[in-house]
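Chemist: Protein chains in written order, with our numbering: chain A, 1 to 382; chain B, 383 to 571; chain C, 572 to 799.
In short, the hints are calculated from the structure, not lab data. Hints may be right or wrong, so weigh each one.
Claimed, not checked - Think about it this way: if two alpha-carbon atoms lie no more than 25 Å apart in a straight line, the pair counts; the simulated BS3-like pairs of lysine-lysine are:
id : chain 1 : residue 1 : chain 2 : residue 2
1  : C       : K694      : C       : K608
2  : C       : K608      : B       : K403
3  : A       : K381      : B       : K510
Claimed, not checked - If you anchor each label on the Cβ, the simulated ranges turn out as follows:
id : chain 1 : residue 1 : chain 2 : residue 2 : range
4  : C       : G696      : B       : E480      : 27 to 33 Å
5  : B       : A474      : A       : E217      : 46 to 52 Å
6  : C       : T693      : A       : E280      : 42 to 48 Å
7  : B       : E480      : A       : E330      : 38 to 44 Å
8  : C       : K662      : A       : L358      : 27 to 33 Å
9  : B       : T400      : A       : R310      : 47 to 53 Å
Claimed, not checked - Which stretches of chain B does chain C cover? Using the computed rule of at least three CB atoms under 8 Å from a CB of chain C, they are:
id : region
10 : 415–427
11 : 517–531
12 : 543–557
Every residue gets a Cβ at the ideal spot worked out from N, C-alpha and C, and that includes glycine.
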Amino acid sequence: MKRRRFLAGGCACGAGLIPGLVFGQSDWSAPARFARPDAATDEGGLWAMMDREESRLRRSPFTLRDAQFQAYIQDIACRLGGEHCPDIRVHVMRTPFFNASMAPNGMMQVWTGLLLRVENEAQLAAVLGHEIGHYLSRHSIERLRQARSNSAAAQIMGLFGVVGLVGQLGVAASMMAYSRDHEREADRIGLLLMHKAGYATDEAAKVWRDLQLELKERPDGGSRNPLFSTHPAPEDRQQELAALAATFQGGETNAAEWQKRVQPFLRDWLVEEVKRGQHEETIALLTRLAHDIPSRPEYLVARGETYRLRGASEDLDKALADYKMALAVEGVPAEAYRGLGMIQRLRDQPAEARTNLLRYLELAPQAPDAGMIKSYVEELKS
Amino acid sequence: MRKLLVVFALVALSGCATVNKMESGNQNIGERMTLTLEGAWNHVALPNQGPGQTWTMEGLPVDTLLIYSGLKDGEAIHRPGAGGQKSFNFRATMQPDEIVGLFEGFLALDGSQFQLTKLEPATFGGEKGFHFEYQLVRKLDGVTLSGMGYGTVSKRELFALVYQAPRLTFFSRHKDRVEQIARSARVKT
Amino acid sequence: MHKALAAALIALACAGNAAAQSKNLAPGFVSLPKGAKVALMPTDIELFVISAGGVVEPKADWTEAASKHFKDALLRKREALGFSAVELSAKQADEADEVNALHGAIARAIAFHHFGNLQLPTKDGKLDWSMGDSVQQIKEATGADYALFSFVRDSYASAERKAMMVGLALLGIGISLGVQTGYASLIDLNTGRVVWFNRLMRPSGDLREPDKADETIDALLREFPVAK
């Protein structure tokens, strides 16, 4: 009780005297808001580049343009940021990968791949809090300084590389490889911020655990995933997180609100995920989501689509099973009928195929492939 | 002097690619397909390119017409390695949506976003085939491109045309000519 | 030395006939009409420094200075070039975003094919590109008859890198000092035609200092169709 009031006040004075406290509870407080750096400094250079990148981002066709949803995510980031709220600007980007990043100028990007993967507000808060942790500790600036002085080997700079560099740097700046110390620090600050904002901190370890479950399905076990270098989650780090989280009590997950808010976008995000063509990872992801959120048939249908796409020896049967399971749940997307119909068509079950494909056309008359499906139905008549 | 040489060396680095003029009239593409052109096109032959031909009217950064003639079962639609970790291979048993999926996957490799807007049966090359339309938001510069394609599988080989150009002004400029080329296509059986 | 020379010869061989007349002008276009109104599209400039290790970093202060020098030099030149300039507001620039991006693609096509060594036979060696009615929006927003687009990327070696260059040169190894690339293009807003285009690709000019910026502008606006 005492600790919580302490944290709410953001005061670190005398905190170090409390014995037995794990680091992160009270001997850290947020710095004051950052002023714009002088253009002549290295930070100024990065800041200005990020400003330009941000205006590009705002106009980019990849930005998710839904004011209400953007405001919802912005609000979560804002509550985490506390006094720094006015400096944090959230941009939701339509990209099917797990990532969130924050630039030194306050620009925060949240990719829809991340929004697909987290199961509640607390899990999102864990990732955003972590990024805000990097921001508050000014890790990007440290990293840039390090990179410059550590480059011992002479790199021949490709001239074409220079011309295309702006876009590249924009990505590099947000996906800069942070050191383990930076990650540790960001983790701890992230948990603190989560807790201050009223979220259950034990959700943080789950995020990284779930991500790892997914990534280890890759042929290389996820070791070469570039995202791993910005958000690595080796076992000991997860354990640290879990141990730290245990020192905080209570907090909300807001799962119901979260699921309500993302439901309108689920179908699009799932289609993008399946399209990635990384079948094993997608199946692992969708299995976890379908298990944890059985009320949404979208995950099962997407998994069915993935099996159907992969088409390995027992996949078509697995796909059939998924589609059928999904049909039992309310709100099943039309794709389930298409999937069933396409498999039945392949397996020479014309009557069943027709029924299901017709149902698909009924539910989705404006679907892009309606013309193609109609022709299959015609063929199946004879 | 040294500085100038560096610049020249760079120009050479881009390789000795060539451009051939494809004149009006019949053009044989591969062993089994002919197209009849009304008006010339530019065929850009890049060193180390894939199995398809690349044609353009306004230049590669603006519009491209990809032409496949007789792509065999198991062959990739791109040059080796261009798919990164994946290889987008044509299989003779593929359904139209799967073939479109190959192009979708390949075009979206760099983070560009592909959105299918139409897929329907069509005659192509004198054979039963398919037609599709799409939109592609290019990652590199955020330009939105409109695209369309025709395809057919004949004797286990793929024959296809895929054309894309910026949705603003350019796609409509050459679209009719591409449709005409598609109609003129003949595949020898 | 021999390798570089050989490369240069190959380059020249591939380039073919590079010394065409009026390469910069669309057929039939000679000069701007006197008093023409030209919308100055915001210049896309980035300046970088290459550190000793070859790491390329953006330099905000240089870029800010360069943008300013470029704009000043351009405005200084407009009297000599004979047009009246209209600048776009930030809001107007934002709204012209899709057209801007589209122009970038056309400019790359012109730089790569027309000025490069991969001429498109159907263009018949002419500067024959048009953005059609996609530029209507700029015309309506500014009331201008033409629009001038420009793009500059410039990189400079830091002092350490210059020192390294000298050292390596002694060993017979050449590394790049820095390069300046860019283009400027003039679009007729009534037809969408690219009426004038110039490409710049050379070892770096210098946009960091105002006096040197004039030289870069001169290079970029070489053979600009001055109003007569």
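Chemist: Does the Cβ distance between T693(C) and E280(A) fall inside 42 to 48 Å?
Modeler: This hint holds: roughly 47 Å between Cβ atoms.
Chemist: Within 25 Å, alpha carbon to alpha carbon, are K381(A) and K510(B)?
Modeler: Answer holds: K381(A) to K510(B) is near 18 Å, not above 25 Å.
Chemist: Check whether three or more residues of the region 415–427 of chain B sit with their beta carbon closer than 8 Å to a beta carbon of chain C.
Modeler: holds (count 4)
Chemist: Holds or violated: are the alpha carbons of K694(C) and K608(C) at most 25 Å from each other?
Modeler: violated, 28 Å
Chemist: Below or equal to 25 Å on CA atoms is what counts here, so check K608(C) against K403(B).
Modeler: Distance ~39 Å between K608(C) and K403(B) Cα, so the pair is violated.
Chemist: Please test the hint of 27 to 33 Å on the beta carbon pair from G696(C) and E480(B).
Modeler: With Cβ atoms ~43 Å apart, the hint is violated.
Chemist: That 47 to 53 Å hint for T400(B) and R310(A) (C-beta), does it hold up?
Modeler: violated, 41 Å
Chemist: Within the assertion that chain C covers the region 543–557 of chain B, do at least three residues meet a Cβ-to-Cβ distance smaller than 8 Å?
Modeler: With 5 residues in contact (Cβ-Cβ under 8 Å with chain C), the coverage given for the region 543–557 of chain B holds.
Chemist: Are three or more residues of the region 517–531 of chain B within 8 Å, CB to CB, of chain C?
Modeler: Held - the region 517–531 of chain B has 4 residues with a Cβ nearer than 8 Å to chain C, which meets the minimum of three.
Chemist: Return holds or violated for the Cβ distance of A474(B) and E217(A) against the range 46 to 52 Å.
Modeler: Because 29 Å falls outside the window, the suggested range is violated.
Chemist: Holds or violated: 27 to 33 Å for the Cβ distance of K662(C) and L358(A)?
Modeler: Check failed, 50 Å falls outside 27 to 33 Å.
Chemist: Has the hinted range 38 to 44 Å been met by the Cβ atoms of E480(B) and E330(A)?
Modeler: violated, 31 Å
In terms of the numbered hints stated before, the structure departs from hints 1, 2, 4, 5, 7, 8 and 9, listed from lowest to highest.
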